[in-house]
Structure formats: C-alpha cells, structure tokens
Amino acid sequence: MAQPFAAALAASLPAPAAAPVPVAPTYEAIPPSMTKLIDIEAEIAIHTVQLDGMVVTKIIKHAREAPSTTAHGLLLGLDLDGTLEVSNSFPLPHHSGEDGDKSNKTIARYQTSMLRSLKEVQADDSVVGFYQATTLGAFFNQTLVNTQAIHQEKLRHGGVVIVHDLSHTAKGNASFRAFRLTAAFLNAYKRSNFSTSSLINHRLTFSSILEELPLKIRTNPLLSSFLGTLTESRTSPLSDATPDAARLSVLPPSFSMLEVGSMGLNRNLEQIVEGIDNYRTEEGNIAYVTRQIARERARADAYIAKRKEENQARVAQGLAPLPEEDVTRLFKIPAEPSRLESMLLLGQIDAYGKSLGGTSGTGLAKMYAVKDGK
Amino acid sequence: MAIGPPSSAINIQETSSNVPGTPAQVLVHPVALFSILDHYLRRTDEQDRVIGTLLGTRTGSDTVEVHTAFAALHSETSEQVAVDADYLKGMFDLCHKVNPQEVIVGWYSTGSSLNTYSALIQNFYSQETAPYPAVHLALNTGTEQGEEPSVKAYVSSPVGVVPKPENCVFIPVPVELRFHDAERSGLDLLIQAANSQSSTTSQPVTDLELLESTLKNVSDMLDRVLTYVRAVIAGEREGDATVGRYLIDTLGADTEDLEKGGFNSSLQDLLMITYLASLVRSQAEVSARLALASA
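Chains as they are written, first to last, in the numbering used here: chain A, 1 to 374; chain B, 1001 to 1295.
It should be emphasised that the hints constitute simulated quantities derived from the structure, not laboratory data. The model shown is predicted, which means the values in this text are computed figures rather than measured ones.
Quick list of the computed label-pair ranges, beta carbon to beta carbon:
id	chain 1	residue 1	chain 2	residue 2	range
1	B	1221	A	372	16 to 22 Å
2	B	1282	A	228	45 to 51 Å
3	B	1252	A	81	53 to 59 Å
BS3-like, lysine-lysine: derived pairs with alpha carbons at most 25 Å apart:
id	chain 1	residue 1	chain 2	residue 2
4	A	366	A	354
5	A	119	B	1089
6	A	119	B	1097
7	A	105	B	1097
8	A	102	B	1097
9	B	1089	A	102
10	A	216	A	354
11	B	1216	A	371
In this text, a Cβ means the ideal position worked out from N, Cα and C, and glycines have one as well.
Given only the sequences and the hints, what does the whole structure look like? Please build it.
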C-alpha cells in the first residue's frame, strides 16, 4: 500500500533530478582519474588546509611588525581534491577604524591592484581566505566573524581564516590554526538575529561559532633543500676554535622550549580579568535592555486590559465599544538585545583560560624536570 | 655566519668613499630568501633566472637589512634586457602602504653569474635607491649540477676611464641571516616539515608535545656525550682536554635559584594558576549554556 502511494507522490512532484541539463561534451573528455582533480562546481568539500612554508614566514613577519596586534591579510591559493593549498599571501594595510566606508574602498582598490600585480609574475591570484594575528589564543571578535561571513558567501568553498598566535610563537611553539564558520552560526548571522530564542534554535554557544579544519605545513622541495643548507653544520675554518665554535651553522638548533621562566603569565591573567570585566559590562547592558522590554510590555498589557474592561463596561451600558488600537504604536518595545557580543567575549575568556592552563601545565612539567634533573 | 660554503674573499671597505652609506654588511630576513625561491619556482620556461626588488631598511651608516622581496617583470635575450619600471613602482607603492619603513635597497637574482646585464640592472636599481648604493643579492638555488645553495651580496662601483652603465665592478659584502627571536619557532616548524618524509607537518602542536621532542633531543645528545666519555675512560679513544673542560663548564651549571623554598612557592603559584584557568573555562562554559536555557 505504501509503495504505490509513494510512487504516486513522487510522480506528482516535478522531477527534481532532471534539472542538471546535459553539460558540454568536453565534460566527457575528462578521464575518470582526473575527475577528482577537476572540480568546476566546487563540489568536493574542503577537509584539510595546507600552508606553504613561505606563507608561514610571511604571516609571522607581518604579525610581528604590524603596529596593532590585529594584523591581517589575504591568503591566495587553490583547492585540489579536498585540500586547500595556500601558496601565497599578502598583508593588508592597517586602517584606523575611522570612516569605514572610505577605508573599505581603499582596501578594495589595494586588493585588486595587488592581485593584478601578482598575476603578472605567475603567482596564484585567487583569494581563498584571510589570516589574522592574535595574542594568547583569543581571536573571537566581531571583525573576524564579519569578514569570514562575507568571505563564506562570496568565495568558492567559502574560504578559511587562518589564525596565527603571536604569543605562542614567541614562546617557541609557532601556532597556526584554520577555521571557518559553522552552518548554524552562518544561518543566524544571515538573519542577523542573535536573540535568546535564536541562540536556542541554532544551539549556539561560543564553541559552535567556528569549526576547526586540520592544518598542515608544507615545504616545497626547493625550500626543503635550502633549509637543509641553512641548518647544516660545518667545521669551522679555524683550527683552534673552542668546542662551541668549532661547528658552525646558519641556523643552529634552538632549545627555547626548555626555558624555565615566568612565561608571561601575568599578562595572561590581566587579559582574563579584562575579558571578564568586559563581559560583565555587556551582561549589564543586556539585562538593562531586557528589563526595559519587560517594563514596556507590562505597560502595554495593562493598557490592553484596561481598554477591554472599558469596552465591556460600555457594551453593558449599550454604547459602541472603543476601537482596539494598535498598542505597538503607543508603546515602543525595544528590539531584543543581540547576544553575539557577549557570546564572543565568553569565547575570548575561554581562549585566555585555555592558553593560561596550557602554559602553566607545561611550566609544571618543566619545573619537575628541573627538580629531578638536579 | 655566511650562508652557503665559506668563501676566502677578504671584504675590503673603502673608508674614503664619497658615496654615502656604502654597506659593509647585509642582513637578510628569511622571508626575502623564501620569496625568491618561490619566484624561482614560478618562472616561465623561457626564463633562465629571475630578478626582483629587495625592500628593507638601512640601520646605522653601513648596515643594510633586507626585509622582504617581490618579483620584477623582466626579459633577457641575447640582444637586450628589459625591466618593467612601472610594475616596480606600482608594487612598491602597494608594499609601502603596509609597511612605510621599508624602502627599496637593491635587487636580487637567482644563479651566481654576474654579467653585462647584471651591471645594467644594477645601474637601473642604483637610480631607484639613490643617493644610497644599490645592493645586489645573488641567490644560488643549488639546482644546477655541482653547485651549492648560497647567498652572496654585492655592491657595485664604476670602472674604466669613462664610466659606462654596462661596466662595473661587483664588490662582495658579507651577508648574514637575521630575524627576530620571536620568529625562530616559525623556522623550526619549517625545518621540521622539511625533514619529515612527506615534507608536511600537522598543526596545531601542543606545548607539551614540543617539550617532549625537545627533551628527547637533549637526551640523545647526552647519550652521545656519555658514549664518548665512556670510550675515553675505557682507553679506546684519546681524550681531548678542551672537550673535557667544556663539558665540565656546560654540565656543571647549577640551579641555585630553584632551591627548596623557591621551588615550592613557584609550584604553588603554578598550581593556583592551573586551578584558576580551569575555573575560568568552566564558568565560561556554564555561562554559555545558561544563555541558552533562559527563555
């Protein structure tokens, strides 16, 4: 019984599968072995991000030299069979936040001319995302989310954001992570609705704003061999050199991880306190708006109740009832506050906490190692 | 420390030079070198070598720091050489917007041959860097048979009774790799990637994993030293007094400041911070969940 019904239902619906019209005959010419590589419609989802060695150094240099801690730039590259290969990058000029429209135009012009210039020297010129420098792991902010939301709409595959952590790198662990926005967040973002009910519908917490993609660092063979030359140790030409000067190398191995120092915990704690303060302020704002909403709503309700009572009285007296006016025009009920900012702040606090925990954990291990090694 | 095989050249400094700021030393940032290598990989079939512009700063009177590099459009045939000056200007303007401190300090080319065209290009770049002399960085990629990768820097001076742009003497200048300490870990990451079988490494690595690998490294070195010392004691190898003294200096380092009291108080601080960190994180998580519950 069920089957014929389903068949009838399917027949009554317009055939959905018939939509893709036969494509150009050249499509047939692609051998089966190549179909994974030729991905015109961007159907193969990205599952890994691969970062070229040059991009790694470029990002680190820009992040360290930039006047603010939020250095950012664009990533260029290609996607190939699920791997997004980032092969080049360029920094974007730092703008001072004032007159946003004008600076946006300047940046757009800068971008197009830079891309044109790179194309002329056979470099990749398709934008695949952007990078953002951060300190102590706290990269959640409105700008990052806004930029990535725009990218995810415009770019093929939506693009990625690569977050580089300056403070971790300075401590000896160069940190790069790749992220993109989750579908749930993007959905809420498109409706620009971050009220409480929307958060509940999309099950959004700070940990479900971004999803992390596995990231790999790759060095091309030429770079590998060149690095080999740099790290290679040579015998000093001087015959009477001391043992620590007898072997020379441009890049001697470093052991900065073994440093037993304060490890910048003070700064980290300060950041946490600051983050919590900001969060408190934001929560206060939200609570204030919520109270205002409740008050206005109560007044509106009271007004309606009163009007109904009056009408009942008038009907009882045989008079025509007063019209039920539109209360929304009489009472301005403020829009429900957006919880996005407070959610992002919570994410920041969590990231600071995580980096603090990581640093102190490593510190503990080092201290015991030193104690036992003595 | 020179990049590439050591050279026996003596670097002569002309003190009575009438050109201001003739560099006596060139410091190269790894980004510049890696950009040159990438440009070399992306050359067209007709191109034998690639050239480009070096950006950087001049510190002091005689040091040039090369911070970054970008490719130049150029063509070389047996009859003529051409460099696109408009492209150079446009690209420099773009780079200048991001980092206003960086100026054109010279040019690079791959391969280590210096020819008439090199002199002509040097002449062209000298006009760009005037009044300072232009620096020429020759990066040998080591892809040709029998050549080692190396980096050499030159400045030029005119030669002949009547100086012509196509004639000049390239004087070698010592070149060193220079980067900020904070960038060291990035290079370590690349070295690690270069040494692995697939020339890739996965990210992110936790601090503890990194600490573990570093400790393993140290432990390996200690093993090597131990083998050597045992061999000397057993009389299999002849001991070297210098090495012995050096080992005593290195391994005899004491940890006075980590004596009992200091250790315990630091330990308590760290434990407290670990506790605080997890408290903050769980509070943040609870708060995020509560935001979902209040309806």
